[in-house]
Amino acid sequence: MTARLSVIIPLLNERQTIASVIRECYALDREAEIVVVANGTTDGSAEIARRCGATVISYDRPLGHDVGRSVGARRSSGEVLLFVDGDIVIPAAMLRPFVETAMAGADIVLNDYSGPVHLKHAHDVVVAKHVLNAALGRADLRGMSLSAVPHAMRRSAVEQIGYEHLAVPPLAHAMAVYHGLRIQAGPRVPVGRLNPLRSHRRNGDPTGRLMLGDHLEALDWLLRQTGERGNRHDYGRRRNEVSGS
Amino acid sequence: MRLSNRPKARRARSGSRKPRARLLELSRARSRRRSSGRKAARGIGRLSSRRFVRRSPLRRKAGAARQPGARFGRAGGRLGTRAKFRRSMAAVVTCKDEQHTLPLVLRELERLPFQEIIVVINGSTDRSLERALQHRRTTVVWLPEALGHDVARAVGARLTTSSIVLFMDGDVPVSAEDLVPFLRSVERGADLALNDLSPFIGSFAEQDHVTRFKTFLNRALGRVDLAMNSMTAVPHAVSRRLLDRIGCAALAVPPKAQALAIMSGLKVTAPASVNVIARNRLRPHNVGEFNEVAELIIGDHLEAISLILQRTGPRGAYPDAGRWRHVARGEDDADEHHYSVV
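Keeping their order, the protein sequence lines are chains A and B. Residue 197 in the working numbering sits at position 197 of the first sequence; the count goes up by one each step and never skips. For any residue, its number in the working numbering is found by taking its place in the second sequence, counting from 1, and adding 245.
Some hints could be false.
Distance windows between CB atoms, simulated [claimed, not checked]:
#1 B:Glu537 x A:Gly192: 47 to 53 angstroms
#2 A:His179 x B:Gly434: 32 to 38 angstroms
#3 A:Gln225 x B:Asp371: 54 to 60 angstroms
#4 A:Ser156 x B:Phe445: 43 to 49 angstroms
#5 A:Gln16 x B:Gly558: 34 to 40 angstroms
#6 B:Ser448 x A:Arg238: 46 to 52 angstroms
A short list of chain A residues far from chain B (calculated; beta carbon distances all over 10 angstroms) [to be verified]:
#7 Ala93
#8 Met94
#9 Arg96
#10 His118
#11 Arg209
#12 Ser243
Derived coverage of chain B by chain A (criterion: at least 3 residues anywhere in the stretch with Cβ under 8 angstroms from a Cβ of chain A; other residues may be distant) [as the list claims (entries may be wrong)]:
#13 382-394
#14 462-472
#15 541-551
#16 558-571
FYI, nobody ran anything at the bench for these hints, they're computed from the structure. In this text the structure is predicted, and so the values were computed from the model without any measurement. Glycine included, each C-beta is placed from N, C-alpha and C at the ideal position.
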């Protein structure tokens with residue numbers, strides 16, 4: 001019998017939290033199919049996941065950011081997919097609305113979390129998420145994004161976007177909005193507070209640079225669909241009057 | 246070309262008409278823009294022509310004819326010794342129905358030792374043209390039909406020859422003292438001196454979409470230090486080197502010009518702050534969250550982003566951090582030994 005719910009959990013050396021993450025997922029749905037994609041794990045966390053009852057797909061080296069989501073989604077079978085991380089324990093009660101809204105028909109249910117926006121000079125990722133949504137004509141989504149966990153998707157939506165694109169979440173996000181999928185906001189799970197970006201100041205913020213690249217890739221795709229102005233008017237600019245420098 | 250001959254004939258024809266100013270057809274003005282203003286003779290040109298440029302008969306070398314005793318900072322007076330510049334300077338003012346503020350803008354510009362002050366009247370229906378013509382030191386370009394946002398700026402820039410060019414809007418008067426830092430910055434080697442608007446904006450949550458796009462563009466270019474500062478805002482000053490390198494036509498889409506400048510390795514700074522946000526006139530098309538002007542500017546930024554991505558690849562200069570894309574595509578059969586379903 002195929003489960004109605006699949007939970008996808010990428011895992012990289014998160015032995016402290018993985019058992020609790022899986023426990024909460026089973027608390028959400030005893031029948032859930034839990035797919036853990038361990039990549040480059042050396043601390044025994046894959047073994048912990050297996051003992052907790054999850055299906056573990058194991059790679060001996062890190063696959064890179066979010067590639068685990070593509071792998072896990074392709075190898076799962078549920079009608080609704082819930083994406084969480086191996087290092088953030090989110091109580092089942094907080095996860096439930098995401099699944100229920102997707103079961104009720106929404107294609108995608110996002111975490112209603114926009115990151116720290118009280119600063120004057122916000123983090124690259126916060127700026128990029130807001131800009132991408134505005135470029136997509138969905139400024140109402142503010143900084144919500146498929147980048148942030150938890151989020152739920154119907155399998156039909158994943159198939160329309162393409163499994164491979166889940167590895168670049170902002171690109172998948174842009175495709176979902178552009179294809180007119182029904183995107184809804186779920187509850188707010190402040191994952192930033194549960195999981196502050198670790199040591200990004202010390203290391204020159206590699207995650208921030210990666211995410212900026214991801215958003216540029218999403219914009220690149222979008223602007224190929226819409227033309228270089230993203231379907232914005234030019235207010236009757238007569239450029240030929242100054243053309244040719 | 247024939248221009249140098251034309252005025253003589255015209256002067257003879259115009260006879261008793263009082264010689265005051267000179268109007269040129271723009272297309273001709275373009276081709277002679279690097280010739281000396283001295284050759285410019287006087288007399289009103291054919292008003293029936295489509296476009297005109299009035300070139301001032303008065304030309305002054307930098308700092309040459311300062312009035313003795315004029316005090317620094319006095320309204321209407323020239324600036325004191327602190328406003329000496331070693332390089333030639335031009336100001337380009339674009340104006341669309343701004344008859345009330347344009348004289349204030351020009352009055353402040355006239356307090357600085359500009360060799361060229363160019364006013365581009367971009368399809369005005371009020372008395373902006375008359376107001377501009379009252380200023381003897383200005384060169385006036387009259388465009389009967391508006392060429393659209395910022396295109397007038399490119400038109401004005403083309404007519405300049407100075408080594409520093411300051412860009413202003415006809416609706417935002419800025420005191421001469423506040424303009425000096427931008428000119429000074431370019432004089433000292435910057436290629437683009439932007440207005441630093443960061444002191445005037447609130448938290449990210451309170452910022453409008455245009456501000457966020459401006460921030461994003463600078464970050465995408467690796468210039469987080471420029472915050473949300475943009476060539477979309479006035480005043481800003483540029484070097485002749487910038488105009489030569491990116492071409493005056495590029496100024497018609499300011500964010501694109503900025504991206505070109507940064508990608509060409511030109512020196513971009515934001516040396517001073519003038520609060521133009523509070524002074525910007527509210528008009529029906531620039532009020533509201535996604536008004537027409539905001540949509541235009543967002544389109545400009547997307548165009549600039551397109552340009553960056555065309556030049557640097559779909560991720561800009563940002564890494565993919567070792568993503569195994571073929572695994573994401575499900576093409577990992579060859580790597581079967583790497584994983585095991587436990």
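A quick look at each hint next to the structure:
1. B:Glu537 x A:Gly192: 47 to 53 angstroms: Since B:Glu537 and A:Gly192 have Cβ atoms about 35 angstroms apart, the given range 47 to 53 angstroms is violated.
2. A:His179 x B:Gly434: 32 to 38 angstroms: 49 angstroms, violated
3. A:Gln225 x B:Asp371: 54 to 60 angstroms: 42 angstroms, violated
4. A:Ser156 x B:Phe445: 43 to 49 angstroms: Given about 47 angstroms between the Cβ atoms, the range holds.
5. A:Gln16 x B:Gly558: 34 to 40 angstroms: 38 angstroms, holds
6. B:Ser448 x A:Arg238: 46 to 52 angstroms: 38 angstroms, violated
7. Ala93: Correct as stated: the minimum Cβ-Cβ distance to chain B is 28 angstroms, above 10 angstroms.
8. Met94: Holds: least Cβ distance 23 angstroms, greater than 10 angstroms.
9. Arg96: 28 angstroms, holds
10. His118: The assertion about A:His118 is violated, with a minimum of 5 angstroms to chain B.
11. Arg209: Since the minimum Cβ distance to chain B is about 5 angstroms, A:Arg209 lies within 10 angstroms and the statement is violated.
12. Ser243: 6 angstroms, violated
13. 382-394: holds (count 4)
14. 462-472: holds (count 4)
15. 541-551: holds (count 8)
16. 558-571: holds (count 11)
Of the hints listed earlier, those the structure fails to meet are numbers 1, 2, 3, 6, 10, 11, 12, in rising order.
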